[in-house]
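*Asks:* Go ahead and model the full structure; you've got the sequences and the hints to work with.
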Amino acid sequence: MISRHLLFGALVMLAISLGMGFYVWHMRGVSGTEFGEANPQSVAPPVSGPTEQVVLYVAYDDAGVLRPQASRIPLPEGRQQRAEELLRALLGLYLDKSSPHPLGTGSEVRNVYLVDPGLAVIDINSAFANSHRSGILVEELTVASLVQTLSANIPGITRVKILVDGKERDTLAGHADLTRFYDVAAVNQLAAQLQTAQ
Amino acid sequence: MPWSSDRLGGRPRESFGLPLVLVAVVVLSSRLLLFSTSSDEKRLSIYSTVANYSLPLSERNGQDYVVLLEVLDPLGTVTAKTEGNRWKVRSNDSEAEFIAGKKRVHIGRKGFDLPANFLLENGHGMVPLSSLPQILSRILGSPVTFHENSRRLFIGNAGVHFTAQVRKLSNPALVINFTAPVNPSIATEPGKLHMHFSHEALLPPASPVLTFDSKTIPSASYEESNGAAEITVTGNAPMFATFSDDRKTITVTAAPQTAAQTQSVPAAGAPATAAASSGAAPLRPVPSGTVSSAATAFGQRQYFAVVDASHGGDERGAALGDQLAEKDVTLAFARQIRQQLESRGITTLLLRDGDINLSIDQRASQTNSAHPAIYLGVHAASQGPGIRIYTALIPAGGESHGPFIAWDAAQAAFVSASQATAASVAVELRNKQISVRTLAAPLRPLNNLNTAAIALEIAPPGGKISDLTSPDYQQLVASTVAAGIVNARARLEAGP
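Just so you know, the sequences run in chain order A and B. Residue numbers for the first sequence follow the numbering used here, beginning at 360 and rising by one. Residue numbers for the second sequence follow the numbering used here, beginning at 988 and rising by one.
Hints may contain errors.
[As the list claims (entries may be wrong)] Distance ranges between label pairs, derived from CB positions: (1) A/Gly525 / B/Ala1306: 23 to 29 angstroms; (2) A/Gln554 / B/Arg1154: 48 to 54 angstroms; (3) A/Ser458 / B/Arg1154: 47 to 53 angstroms.
[Stated by the list, open to error] Under 7 angstroms between C-beta atoms, here's a sample of chain A residues computed to sit facing chain B: (4) Gly494; (5) Ile495; (6) Arg518; (7) Val523; (8) Gly533; (9) Asp536; (10) Arg539; (11) Phe540; (12) Asp542; (13) Ala545; (14) Ala551; (15) Gln552.
To be clear, the hints were calculated from the coordinates, so they are not data collected in a lab. Here a beta-carbon is modelled for each residue, glycine too, at the ideal position from N, C-alpha and C.
*Replies:* Below, the structure written as structure tokens:
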């Protein structure tokens, strides 16, 4: 005959086991959520939400010019993330099949780093540089487009450095110098020159 | 006994160590130090297949003497002993016997007389220098050649021969090939480059003076003195030496004018000449008090214009067509522009006159060394139409500190002159109905140049790529650009 005390102890043990099982199951779910948030690969550009008006400086190969183009795009709050989204929006135009300034397939802006005071580092991927057409004007248009779009929309940027896959490279595609820090004021003047075909 | 500084008596000796490229911009004072110390002490150099070495000489009773044991020691096992006034030495199974204060000497079974008495000082046997070839040939059993005037002694078949010829490229080069690796000290003075061979068994050429069919490097001479040989290259421009082929080849290249040797620098506030060699530090000090007017600088200029055909060698530039590389188009245009400039009395240096690799830093250094009034970089593109003329987009940073000028911003003081030249060329092009744009560009070496500088990007007039190789189009562009340069001449001669 089972004693009353033994029966009571077994029920308590069963309850504890069920409680621990539920807790473990719950914690596993929480852990999976946190991992997902920490994985940078899972971050996708916002495709919805409030949009802001920005000015993209778009290169047009036919006329060899750079033109400001107002656009509304969704932008995150963070300054650095805004910079990255701006350039990704610009590249979206260039990678479109009706692009006025085609870039090679797979061209990406990997990251934009904002370093005070006033330095922005644009890290493009090797596909961007390796597939870029060679020529002074065509390379200059790309560089001016990136630098001008960034500096026109993110206040406080005075210098811009362009890296390829996180490393310094001599030129974009044989002409435009990537070893230097671009002076935003000088690029502003260049952008003004590039807005007219003559 | 190996060659050592101890053997040289610890005197200063220029050594350039391992770097393969020596930019011989050594001031005259260092050369004087180098060679004046050599002439202070009489020395004997001995060359053999075993060792090359140098020994000091001593003078006794108007005769040069050498310590015989020091001569024999590096050549093999040697022992010596003194018995009263007799001194015996044994080397390579040969035994020689000398008597202090006597001329008679026995080597093996044969005896002969020295030209002066044998001396025994503190146990060291000393023989007259002039007798050394005879003594060594008998002890060693090898032929000995003695260059008595220069005190250079060759044992057996020791010797390094050399040949020299001028290779005619855009920048003439004297190529000297040696039969063995060499490591001379190199010094320059205006119009000459000296290679001093103190421990190489360099043998004289058939003629002591070699002449070349080159205006830039017309001759070289060979001479020997005090245990060393020297090759002196004479040029009408400053020169630098480059080693290659495991130090068996020395190439002497003429630069129109090196930065270090001119005392002319741009006017105050203008950038100084940039580094004279690739990979060199970008900043170079300007001696204070040496500021001169631009006119003085131009007075010493050998070339008014430098034309640079971009890309070349492994670097093909843009692919303008299936078979057409930018490097070939730029070379064709650059040659035409040189011809058109020279036909208008503009002395012109073409940096690349063949399909060779030339780095951006080399282009900048050679241009800055030439001190031209104008640099023209030539590029080509498939997307047109017409011609785009670029001046430098000066990068951020690049601050000059006192006499030191930032390499990346060397062009800063010349932007105005460059823009004026670009405008002049643009006017001429428009007059010929050629479409033209003037722009700034982040294009090297424009920003590294210490003179007015523009770059041309030549596209076909109507989008037809084959026009880029058309002689008519090339000549039209070249003559028009040359006319624009001529029109800007007064502005360019005014300096920055």
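*Asks:* Could you check the structure against the hints above and give me the numbers of any it violates, in ascending order?
*Replies:* Violated: hints 7 and 14.
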